[in-house]
Structure formats: structure tokens, C-alpha cells
Amino acid sequence: MNGTGRQVPVAALMACLAVICAAHPAVAHTGTGLPGGFASGFFHPLTGFDHLLAMVSVGLWGAFLGRPLIVALPVIFPAVMVAGAAMGMANLPLPPVEVGIAVSVLVLGLAIALAWKAPIWAACLIVGVFAIFHGYAHGKELPSAADPIGYAVGFVLCTGSLHVAGLGIGLLNARPGGATVTRGLGAGVAIAGLWLLYRALVA
Amino acid sequence: MRGGALPPALLCAALGFALAFAPRRMIAPCLTLMAAAALAASLTAVPTSWDDAIFFGCWLSVVAAASAVHLPGGVGRRLALGLSLNTGLWCGAVIALAGARRDLLVSLPLSLLCLPGHLLVARGRSMFLKVPASWLIAVALLAVSLQLAPTTPGYRPDHMD
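Residue numbers (my numbering), protein chains in the order written: chain A, 391 to 593; chain B, 23 to 183.
Hints were generated in silico from the structure; no laboratory data involved. Any given hint could be a false lead.
[Unchecked claim] Simulated DEER-style distance windows between Cβ atoms:
id : chain 1 : residue 1 : chain 2 : residue 2 : range
1  : B       : H92       : A       : G438      : 50 to 56 Å
2  : B       : L127      : A       : I581      : 35 to 41 Å
3  : A       : A577      : B       : P45       : 44 to 50 Å
4  : A       : G568      : B       : R47       : 39 to 45 Å
5  : A       : L515      : B       : R99       : 36 to 42 Å
6  : B       : A67       : A       : W506      : 40 to 46 Å
7  : B       : H92       : A       : L562      : 37 to 43 Å
8  : B       : P94       : A       : V519      : 25 to 31 Å
9  : B       : H92       : A       : G567      : 33 to 39 Å
10 : A       : A569      : B       : L170      : 32 to 38 Å
11 : A       : L515      : B       : H92       : 18 to 24 Å
Note that the structure is predicted; figures quoted are calculated from it, not measured. Glycine is no exception: its CB is placed at the ideal position from the N, C-alpha and C atoms.
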């Protein structure tokens, strides 16, 4: 094993030590007893599969697009999502949010299914616009009384983890036949987006 | 509930990410400076009327430190020292205002994330720092937004109901 190879376990150990030292039970379930706080925020994105599919798709599409978008998309999304959340908190008007979220699932699924190599500006714009809709919806749900900051931390951490999960699925692209699998997953996401869109417009 | 160890911990984590992009020889002086500044600030008597301003400064410092990971050419010597001093002061002030001194023991170790972070940057894996840094920026901006909004609309039927 060379010197660099030895550094990786050391790095992992140091990261673990830093996190263990920082562990503190008060980070979860604090406040008034209302369903807020870190755990509530963390699990919230997992309870609605529109958000879940869109977040995983952002990471997966980033993996398809490669550098620099593999980093840029997961970085842009949370930042713009906050702008949407602020708009939601301020009750600013926005076109029907349910439709916007359904369209985000549909478009991201199609982009993956078709392996669309969008230009950098277009990919950033598409992801940024969709992030506003997702942020707006969740900005309206931020709890008032029960540890909203803990809720926000959990919510953002879960959203980011879903991006990373999408990037992880994107590693399949490097394997023989892997791109077919991920494009198939994209097609599945697009179909789910169609159903969500139908539900938002008709049901 | 916005006090305690959470805001300083996130600020220390953001500093850890930023220092991962600083020259290696700067890490020890920066961490020492940050810890000393945090300890000194935590011992001061902060007026409770400064509550909003202190938290506002803390969250903006998270944004500044986490944004530094995107600087082309990395974090320079002076900036690293400046961010460390700034982090220490705001951490100490938040803990003096709305925490217990033991919260320092919970928060400050997170700045050690700079050590594994430095190895990741050296191996060209800086995306593993840039992506979590963007999460910290998002949390901090949400916290600032929450501070500016008198009440949040929460607990109404959401977009899935």
C-alpha cells in the first residue's frame, strides 16, 4: 500500500472522530413537543415520492452530464431551493406548485431516459427553476414553533443525501450495460412524473 | 429554540471545509486562533438584546466560510486566519448568549473536518466537500430567512395532501 492509500483510512477515522465528538442528543427532537425538529425535517422528503424522485434524479442527471455539472447541480439546487422556501414563507404568489413539481419529475426523468447532454447553462437553469418550486412547497411547511432550524437542517441533509444517492446510482453508467439500466430508471421516473402531472391537473 | 450547540457546530463545520482548501501549514494556527477566540468570546457577557444580531452574524458567517470552498486558487493565508477568528468570535458569542460553555466541546471538534478534507482536496476529490458545504449554505440561508419571517406558515396541508 502506498502512502496515499494509507491516508484514506486515516482521513475516514479523523472524520468519524470529529462527528462522534460533536454528537449531541439535543440535536434531535428538541423544542415544544410539536412534530418539528431534525428527525421530522429529515424524514419529511422521504414521505412524498415526488420530492424523492426529483432529488435522486438531479444527482443521476448530474452523473450523466459529468464535470462540472456533477458538482454544480447538487450545489445549485439547495441554494436556489432556499430562495423558493423564502418565497413560500413570505406567501409570494407562484404558479401552481403541484404542477411545477410534477413537471420537474417528468422533465428530469426524460432527461435521464434520453441521456440528454444539456449545455451547462441549460442544465443549471432547469434545475434552478425546479428547485424554486420544491423550495416553495417546503418553505410553506416549515414549522413555526417546533425547532424550525433543526427541521431545516434535517430537511436539507436529507435532500442532499438524495442527490448523493442519485450520483451513486449514476456510477452504474461506468459498467457494461449500466447506462441502459439508469436510462430505464429515468424512464420510470418520467412515467411517475406523468402520473403526478395528471393528478395535479385533473384529479 | 435556536440556541445551543447547533449554530456554532455548523459554523465550525463550515470553517473545517474552508480550511481544507487552505495551505496545510495554516491549519494548526487557524484552529488555535479559532479555539482561543471562541473561548474568550464565550466568557464575555453578551446583552440579550443583541440576540437577533448575534444569530444573524453567526449564520452569515456560515455562508461566508462555506462559500470559501468555491474560491479559485483555494483559501489564502490571510483569509484562513480571518475566517478562523470570525468563526471563533461568533461561536463564542452564540454560546455566551444562548448556550452552555460545554457546547464549545460539542461544536469546536467539527472544525477538525479540515484534516480529512485536506486529504480529499489533495486527492482531487473536492466535490465531497463542495456539496456538503452547499448544504450548510442552504441551512444558514434558511435560518436567516426564518429570522426575518415573524412566523412560518407550517402545518397546513402540504402539496401532497
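Inset, instruction - Could you tell me which of the hints above the structure violates, numbers in ascending order? - result: Result: hints 1, 2, 6, 7 and 10 break, sorted rising.
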